[in-house]
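S.K.: My request is simple: use the sequences and hints to build the entire structure.
From first to last, the protein sequence lines are chains A and B.
Per our numbering, the very first residue in the first sequence carries number 1; after that it's consecutive.
Per our numbering, the very first residue in the second sequence carries number 1001; after that it's consecutive.
Check before you lean on any hint, since a few could be wrong.
What the hints assert, rightly or not - The calculated DSS-like cross-link candidates involving lysine-lysine, where the alpha carbons are at most 30 Å apart (straight line), are:
#, chain 1, residue 1, chain 2, residue 2
1, B, Lys1397, B, Lys1431
2, B, Lys1397, B, Lys1459
3, A, Lys41, B, Lys1314
4, B, Lys1166, A, Lys41
5, B, Lys1289, B, Lys1128
6, A, Lys41, B, Lys1289
7, B, Lys1459, B, Lys1342
8, B, Lys1146, B, Lys1128
9, A, Lys41, B, Lys1397
10, B, Lys1266, B, Lys1289
11, A, Lys41, B, Lys1459
12, A, Lys2, A, Lys186
13, A, Lys41, B, Lys1342
14, B, Lys1459, B, Lys1431
Claimed, not checked - A few chain B residues facing chain A, derived, Cβ under 7 Å:
#, residue
15, Phe1250
16, Lys1305
17, Ala1307
18, Glu1364
19, Thr1365
20, Ala1372
21, Met1386
22, Ala1388
What the hints contain is simulated information worked out from the structure, not anything from laboratory work.
Built from N, CA and C at the ideal position, the CB exists for glycine as well.
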Amino acid sequence: MKDFWQRFKRNRGAVIGLIILALVILIAVFAPILFPQSPWKMVQRPFLPPFERDALLLGTDALGRNVMAGLAYGAQVSLIIGLISTVASLAIGIPLGAIAGYFGGFVDDALMRFTEFFQTVPNFALAIVLVAIFEPSVESIIGAIAIVSWPPVARLVRGEVLSLRSREYVEAAILSGQRNSTIILKQILPNTLSPIIVLASLMVATAILLESSLSFLGLGDPNLMSWGYMIGAARTVIRQAWWLSLFPGVAIILTVLSLNLIGEGLNDALNPRLSRKGK
Amino acid sequence: MIKKLSLLASSMLLAANVAYADPVTGGRANAVIQPEPPSLMLGLVQNGPTQMVAGNIYESLLRYDENLEPMPQLAKSWEIASDGLTYTFHLYDNVKWHDGEPFSADDVVFSADVFLRETHARLRNSLKYVESITAPDATTVVFKLKEPFGPFIGIFEGGTMPIVPKHIYEGTDYKSNPANNTPIGTGPFKFVEWVKGSHILLQKNEDYYIDGLPYLDEIYWHVIPDAASRAVAYETGVVDILPGGSVENFDVGRLTDLPNTCVTDKGWEFIGPLSWMWLNNNEGPTADKRFRKAVMYAMDREFAKDALWNGLGKVAQSPVSSSTRFFTDDVTQYDYNPEKAKELLAEMGYDGTPVRLLPLPYGETWQRWAEAIKQNLEEVGIEVEMVATDVAGWNQKISEWDYDMAFTYLYQYGDPALGVGRTYISSNIAKGSPWNNVEGYKNPKIDELFAMGATAVGKDARQEIYTEAQQILTDDVPVAWLLELGFPTIYRCNVKDLVTTAIGLNDGFRDAYIEK
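M.R.: Here is the structure:
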């Protein structure tokens, strides 16, 4: 563990990313304490510019709602949706990839063609269709993001499993009569964890972007104040109220950037052999 | 000089609410038309954009001032018999169709009795009361009714009863008549060309039957499909007139702040768009009258008007729009009073059952509005769950009564018998339409009052009936009335007399002129 942290620390970008992400998480967790009033509450006159009042540092939107409160509650939405949808797509992708890689042959062919089917449909278009069919809500958005983002996981896991499958320790396990499920779960999967963790951190970033894009298009959960929704609602008034688009936009950029930096740091830390020289 | 004086006098007589001014002839009006109309044949298609352009080409017997009092159009005078059964119209005798053929009473009989009966569903409903339509001579038309029908004098409007040329349409298949592409009417402007996706050009009718009118030489309708581009077209001076609804609400403030820019929300008195929230009277918390009253008290409608509708329009006081006939404000008033709402909820023992709110999927303004109402309701303790939907889903959910609260707005067409009763009478309770008694409100007294109101004779008698109906309805709150919508017409201030009637731009640019 100490080694891991040493290697992670060597990537300065990753540390910065970690700090930003920690801040975002803190804001999300303490949003109800920082802003006890609902982010939907109309607190001041509409279109109050930022930095004019201390209590409303980032101004108000078209209905006089506090932009800063919106950002804090939006952080909750983005992080929760990013996290849960990533876990869900891992839950689809890992078993499929592991089974395909372990058993090979016909099973592999069938599962991989199935995976490719999902890969050939453009991600975002499929997500839009799914959300539109099942009506926009947190559940349908998480489901749609999970469904469009599991194929890379399956392919990655399959590749890893395929290479581990012929290792001696796996053959030994087979010879000792362990069941297939035990071998996959106990012998093989733990050794594929590093690339999965790296991929997952990037997937959270992608999921946050996907959710924002859906909300921007008006396909977000109408009961949730999310960053994408804030930008979507603000784009029509961008000439009158630039701050309504800018601040949530910055929030998305920072969060996604921090996740990408962390992903890179994890990659360096977990795969020391691949880490670049000079760092 | 004398001619000029008489011309002035006549123009003032004809447009009663026109301020004294010296009209200038000539010039071209550049206006936006949005969306591009499907056709300009007003007898076949009566949607908004068609009427806005074709209202210059076709005319009806009457037009209406902002109090919905009839004014002459093709009919220069008219009489209504005291039993309310016979309506006699005397037509102008020097009217010509745009192709030079003379216009006569036969055209009116053909249009009302033959052509429009087949093509115009809304008019057909009113013509049910008509026994016969006859032309005793070339300039007289007589409508005889089976029983009195109160709103009858209000149906002689361009979009309701456009007069079409008998010599072109008699005996043909109306829908496939090639003349539909080159509309021929009696109006102040003639059709010149329509380049699809680009523009529609109309030209002054030199033979118009009222001397000196119209003042403009041309009307050029620009087709610009994108709302932001329409706003830019106005800013850069390409167009001078933006009809209501052609730019987004949030752009209105910015555009009206431009120099030499005027704005009016007049010209919608006839159709009287009134917005409300359907409240499901059949089930859920909204089935309780106290809950519905609480909703009325919880909503800050003034705020919505100012923040979302640029302060245009009015807070609705009654199921009848204040511009519609027989409106009364002698009803239960609901001001913004969250405390009262909380009391009512406590009294009924509201248990926090969430209600589903369906916004109207017509763009940002309506979405924001739903968010504001949701917040209003949550502040008095009502749990609201917003349902996301598109136009098709909205139609379906409303038609199948699958909602608790849902935004909508409907037109009133000037008379409670035409545009109000349909929402509240119990014979209109039927799944499958989003425009009937969707809330499921049943009250035999209301049924009776609306039945009486349609056939009662005399203004006072009808006023009494509709006053009582409005009092009962505002006490029962079958739906939550929001705003009388104000759609702004934005134009350069040197375009004068643009909106002079209750029908607004849809009544044509007959009286409009451009000051140099």
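S.K.: So which hints don't hold here, by number, going up?
M.R.: 2, 4, 5, 7, 10, 11, 14, 16, 19
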